[in-house]
Amino acid sequence: SGGNPGSLSGGLSAQSQSPGEQPFTLGAVSSISNLVWEYAKGQGYYSDQGLDLKIATADSGPALVTGVINGTYDVSTLAALPALVAISKGADLRIFNATSEVAPRHGTSGVLVAAKSSITSYKDLVGKTVATNALTSLNVLVTKMAVKAAGGDPSGIKFVALPFKSSLQAVAQGQVDAAVVITPFITQGEEAGLRNIGDPTADALQEGTSYNVVITSGKTAQNKAAAIKGFNQASDKAVDKLVADPDMIRSLAQTESIGVSKNDAEKMDLPDLSSKPVDVAKLQALADAAQQYGFIASKLDVSKYVITP
Amino acid sequence: MSTDTATFAATALRKSREPLWRRRRVQFAAAVVIDLILVYVVWEVLSTTGVLPQRFFPDANSVIHRLGQLLALPAFWAVLGQTLQSWGLGLIIAGVSGTVFGILLGSSDRAYRFFRVIIEVLRPIPPIVILPLALLLLGVTLQMKLLLIVQGTFWVVLLQAVYGVRSVDAITLDTAQVYGISKVRRFLTIQLPGSLPLIVTGIRIAAIFALIVSIVAELVGGAPGLGNEILKAMSTGDNETMYALILLTGVLGVIITAVFSGLERIVLFWHPSHREVSL
Amino acid sequence: MTQSSVNPTTQVPTVPAVRVMGLSKTYGKGPAAFQAIADISFEVYPGEIVCIIGPSGAGKTTFLKCMCGLLQATSGAIEFEGKQISGTPDRLALVFQDYGRSLMPWLNVERNVRLPLKGKRLSKDEMRLRVDDSLRAVGLEASAHKYPWQLSGGMQQRVAIARALAYRPHVLLMDEPFAAVDAQTRMDLEDLVLKIREEFGITILFVTHDIEESIYLGDRVAVLGPAPTRIRREVTIDLPENRNQVDTKTEPQFGEYRRELMSLLDRQISSERS
Amino acid sequence: MTQSSVNPTTQVPTVPAVRVMGLSKTYGKGPAAFQAIADISFEVYPGEIVCIIGPSGAGKTTFLKCMCGLLQATSGAIEFEGKQISGTPDRLALVFQDYGRSLMPWLNVERNVRLPLKGKRLSKDEMRLRVDDSLRAVGLEASAHKYPWQLSGGMQQRVAIARALAYRPHVLLMDEPFAAVDAQTRMDLEDLVLKIREEFGITILFVTHDIEESIYLGDRVAVLGPAPTRIRREVTIDLPENRNQVDTKTEPQFGEYRRELMSLLDRQISSERS
Amino acid sequence: MNGVTTKTWRVVWELILPVALVVIWWFWSAASTNMYFPPLGDILDSFGRTWFGDGFLQHVVPSLRNLIIGYMIGSVIGIVLGVAIGRVGWLRWLMTPIVEYARALPPPALLPFAILLLGIGPEMQVGIIVFGVVFVVLLNTIDGTRGVEPTLDDVATVYQIPRRYRLTEMLLPAASPQIVAGLRTGISLAVILMVVSEMTAATQGIGFFTLQAQQNFNFTDMWSGMVLLAVIGVLANLLFAWFVERPLLFWQAGANAKR
Ligand SMILES: Nc1ncnc2c1ncn2[C@@H]1O[C@H](COP(=O)(O)OP(=O)(O)OP(=O)(O)O)[C@@H](O)[C@H]1O
Ligand SMILES: Nc1ncnc2c1ncn2[C@@H]1O[C@H](COP(=O)(O)OP(=O)(O)OP(=O)(O)O)[C@@H](O)[C@H]1O
Ligand SMILES: [Mg+2]
Ligand SMILES: [Mg+2]
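Residue numbers (the working numbering), protein chains in the order written: chain A, 369 to 677; chain B, 47 to 325; chain C, 58 to 331; chain D, 58 to 331; chain E, 1151 to 1409.
Hints in this document: simulated from the structure, not taken from any laboratory.
Any given hint could turn out to be false.
Within a straight-line C-alpha distance of at most 25 Å, the following computed BS3-like cross-link-like pairs (lysine-lysine) qualify [claimed, not checked]:
1. B:229 / C:252
2. A:457 / A:491
3. D:181 / D:140
4. C:86 / D:203
5. C:306 / D:306
6. C:181 / B:229
7. B:229 / C:86
8. E:1157 / C:86
Footprint (simulated), chain D over chain C, 3 or more residues, beta carbon under 8 Å [said to hold, decoys possible]:
9. 104-112
10. 133-140
11. 161-172
12. 175-187
13. 208-215
14. 260-274
Note that beta-carbon positions come from the ideal geometry of N, C-alpha and C, so glycine has one too.
Modelling step: build the complete structure from the supplied sequences, incorporating the hints.
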């Protein structure tokens, strides 16, 4: 990966507050999907709604959930699975927006193996060690689902948590047998000579399942309903613009705050952006699958936690 | 110790007339330069021979180049400032309270025993593990960082101070007792200076710990600062930036140590390790 | 030591300055226990100088440390100026045998001497005067700004003496205070001790290995036996007041005392060795 | 000290055991510099005992430390047994003035004494014999298993002496070695010094503040002046061999030497003070 | 005084505060519905279930193994290097910047590098622990060996004590108060790094379990992990005090004790 002048500075592009705008904080893990918020902010969509948006980067789902619950963040964006797990453990959360949903094409995620590896299909993963970013992650769930669907026994797979970049390295050096990564690491891995055996997210989940969502706390949902509505509208507007303009996405990905290298940005699969409201039924299916694979202890009624701003 | 400080100032002035090579600062700078060259050469050799695969571990030049770019960004200095702010505040809180409590506990066996179990229970709790609780209670704030930094460093200083007090020569303490020197004065003029050699080591260790913990708090907890930038670079796979920043934290460590060693020479001028041996 | 604000105490006093009753001291417990002091009782009256001599390892230092509360006596009681004490009595000073370690290496000579005066409600001037006076008395005025580790052994010992003098104690305990100084300085310091007793009426307990010194200085000399120690004999020294180095030491009586004490010590040691 | 494997050296030697030429020593640099030794030159022949006396702070300890390479002399040269040395000469021992600090508090008495013998290719038995012998010679055989901090000052000093004796040096430097022991023990130790010189032909440099001791022990006495020091006078002591405490000290010549040295020191000190 | 009763009183005295705090915690948390602060009863329940069942072999044993191995290696390297650097002038001159440099690197940020060098598995985890422990011990050892009483150094020079005895009989004991302080700090650091090293690329271990519980919003389990870490800390320190500190520093206690 080539150097990328000025990619430092994401969260710190001086957050000057214009008078009359309401401060509004979004918590996010650092990921390519963040270009939506950066774009909307840059275009002034949030200002139009009277919001002064601040983007804060955290490293994990729990940090984002905790931030929302204690009010540090007004909203957080994270993968649907950790949000559902938190709700099942009693966290007072509301889900109100889908930012990414499973698209009819492949490229959301990928299972990468070494070029000479004997693994050619999901089924071959049984008995192998697979690296991915976190153990309570969608990647693990969908990989297990995909293996099951292919007739394998998912309980025979050993998952280890590694940052995406390190997991590519671990596959290349033979320390693990496979890595489940997301864009732009799929491209990076392929460039490093790894082989992609499939996209388990697309294979395992129904098309249109919201796998990235925006959450807020029950309290904030009540107290700041108007602001949340404004945030939602501004974000959707940005997504619609971006979906219509893939080149814009590629160029945005190279900006300082996102930091994908030029090479990766040009070759990567585009992220699945969505402005549609959360499809409750499909999310319920995801929750049920999570329960089936032990991420959630008991049946969770998703509809109680999804709101429409 | 104000009079003493004046004496040191005088000594320092005198020293400046020494030949260049005898000055410690010059020696230290020379060592830094030599070490940098050494590291650079080893790094380059490892990169070019492929021991460090370039795809996953950038070569020295590109990291240095990247560091140069970063240093030119005003935003970078703002980030650095945030890290240093929490570092400094946390270190002061932990250093002062750790020293005071440490000397008190070190000089009273009974008090030490009373708190012993609690100390041993709280001490090994990793800042990373209490992070979610700190986040919950304090949010992503300076206070959250401070809490973690103090948890990570207070115990170090405390323990060194306890050992420090115990290593104070019994006869000096006897002297204080015979001459009816009050408890407060005994603390300030005997126990504190007597235990300084160990406390100073403790604070030097703590200074670096504090830096590490503030970076970890930013990295894992999402507080703004250098650690947060490392996290971003890591999650987008931007290795140059990541290693440039890690390289920088090491440099910060060297600077911090240089400053603290200077202070130490002033405070511990009387200690055998710092006496001017006039050979 | 040029001031004379306190009257010399010359009349016979009724309350002893120090009174030791049935003191004993055992170090450690169980099989490793070591009894240093078997049983010591005696009295010192205000303004008296009592010298203590005894073989090396007898328990002299132990005895002094018990008296000033640094060591807890195993049994017995100690009264200071009529009051039984627990802990360190007020206005008492001790010149440690281990003089080198009793100085704070982080303070220079002057500040070492001043340390005990702080917090004693003295004016700045008074404090400086006392420090300067006592440094001059031990011949160290030129080394006031040196640190202890820049001094010779004898100089360190004199700093410790100056510290005790500046403190103006009522009772002064000195543990072989002149062991490391040269003959001439030693004589000067001996005369200094006599002078401050005269001027301030200080009560002094003085441990020494020099028999002549003990006779020259002492109103009485207590001879201790080997550990576990007791007082073997108290010899009252009946030499004229206004002693001086030449005349006193050449008096025939001086030689008498010398022989007596010598043989007292000698006998003990040979009995110990046999 | 019951062995006698080495012949006593009685013939007149040609090569000095120690030769000091134009030695000077200044502590520190610049305005804070302090010259301790101005210029010392002298020679000691094998088997000789040379005593050094001088006022406190003269530079005696500094001189001994320069001789054994612990301090770098500012100028001058030192030869040991004909060879110019840099660093510490072989088979040299020093009894430190700071005896308390020269013992390792984590080793007991026996192990403290044995430490310098280690790695010197001695058999276990030989080592034990030497340690036991020298502990007995200083009267500490009963305290072999105590730690230094369980000993009195005088006992610590005797441990340091025993350590030097067990080492069987060719040249022995002693810095006020008997300052902390009682009169009787002191005499015993003085005789011990004479005896080991006799037995092993050791060359001894002996710093003391006790003028009588210097006469009793010395073949010569070197009188140092105050810092910056030089040798003011070397007095050759012409007393009969086979000295003993009673006869030697009562000889009229002894009194002569005593007066001479006393006045030498006295004059210096008063000239220093004026 | 009767020896037995003094001992009993000592134990009672030491336990007053911890017991009081546990009682307060128990009642304060008993009715808690906050998922972050579960009742202490639940935590102890989870503690028993997690650590005394399969969890012992699965998590506790591998973690402790890494902890002990890493701590030992780190301590030995720290002391050896520390003595060398502390006593050899040019080495100290040359090494100080590198040591200070390496010391300031945050272990979590080093994980990718550690994985690159040591792979994933126990070697990497031990490596992280070693890395942290070395520097604490090293620094204390350097400072300890440099502050040796100069007279003792002089003794060694005059008597030409061979290097190895100088080391074992003089330098190390003289520096031992400081080295012991470093070793003791090193214990808690090792526990912390054990957790850090299990943040990534681990499939078992106490830290793994605790962090995993945190990821899964299982705060009861997370608390039980913290309790276990605390217990390990206390036990390790007790063992250290008994088997290392007391035998090594008896002379200091003896010399400084009020007898
Ligand atoms: N901490 C201790 N533990 C055990 N025994 C001790 C301790 N301190 C001193 N002793 C013993 O007590 C005895 C008396 O010691 P003390 O220091 O009082 O002697 P001293 O009369 O002052 O001798 P010196 O004239 O040599 O200074 C000695 O035999 C010594 O070994
Ligand atoms: N490290 C040092 N720095 C500066 N001056 C020193 C240092 N060590 C000693 N001196 C000075 O050198 C002079 C000689 O000291 P030294 O210890 O040699 O005296 P000494 O003759 O042994 O005296 P004593 O009989 O009191 O032991 C003293 O005036 C002392 O202040
Ligand atoms: Mg004594
Ligand atoms: Mg001397």
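Against the structure, the hints come out as follows:
1. B:229 / C:252: Violated. Residue 229 of chain B to residue 252 of chain C sits at ~33 Å, over the 25 Å cutoff.
2. A:457 / A:491: violated (32 Å)
3. D:181 / D:140: violated (32 Å)
4. C:86 / D:203: Answer holds: residue 86 of chain C to residue 203 of chain D is near 15 Å, not above 25 Å.
5. C:306 / D:306: Cα-Cα ~17 Å, so holds.
6. C:181 / B:229: Holds, at about 21 Å.
7. B:229 / C:86: Not OK: residue 229 of chain B and residue 86 of chain C at ~30 Å, beyond 25 Å, violated.
8. E:1157 / C:86: Roughly 15 Å separates the two Cα atoms, so the pair holds.
9. 104-112: Held - the segment 104-112 of chain C has 3 residues with a Cβ nearer than 8 Å to chain D, which meets the minimum of three.
10. 133-140: violated (count 0)
11. 161-172: violated (count 0)
12. 175-187: violated (count 0)
13. 208-215: Holds, because 6 residues of the segment 208-215 of chain C bring their Cβ atoms closer than 8 Å to Cβ atoms of chain D.
14. 260-274: It holds: at least three residues are needed, and the segment 260-274 of chain C offers 3 whose Cβ sits within less than 8 Å of chain D.
Violated hints, in rising order: 1, 2, 3, 7, 10, 11, 12; the structure is consistent with all others.
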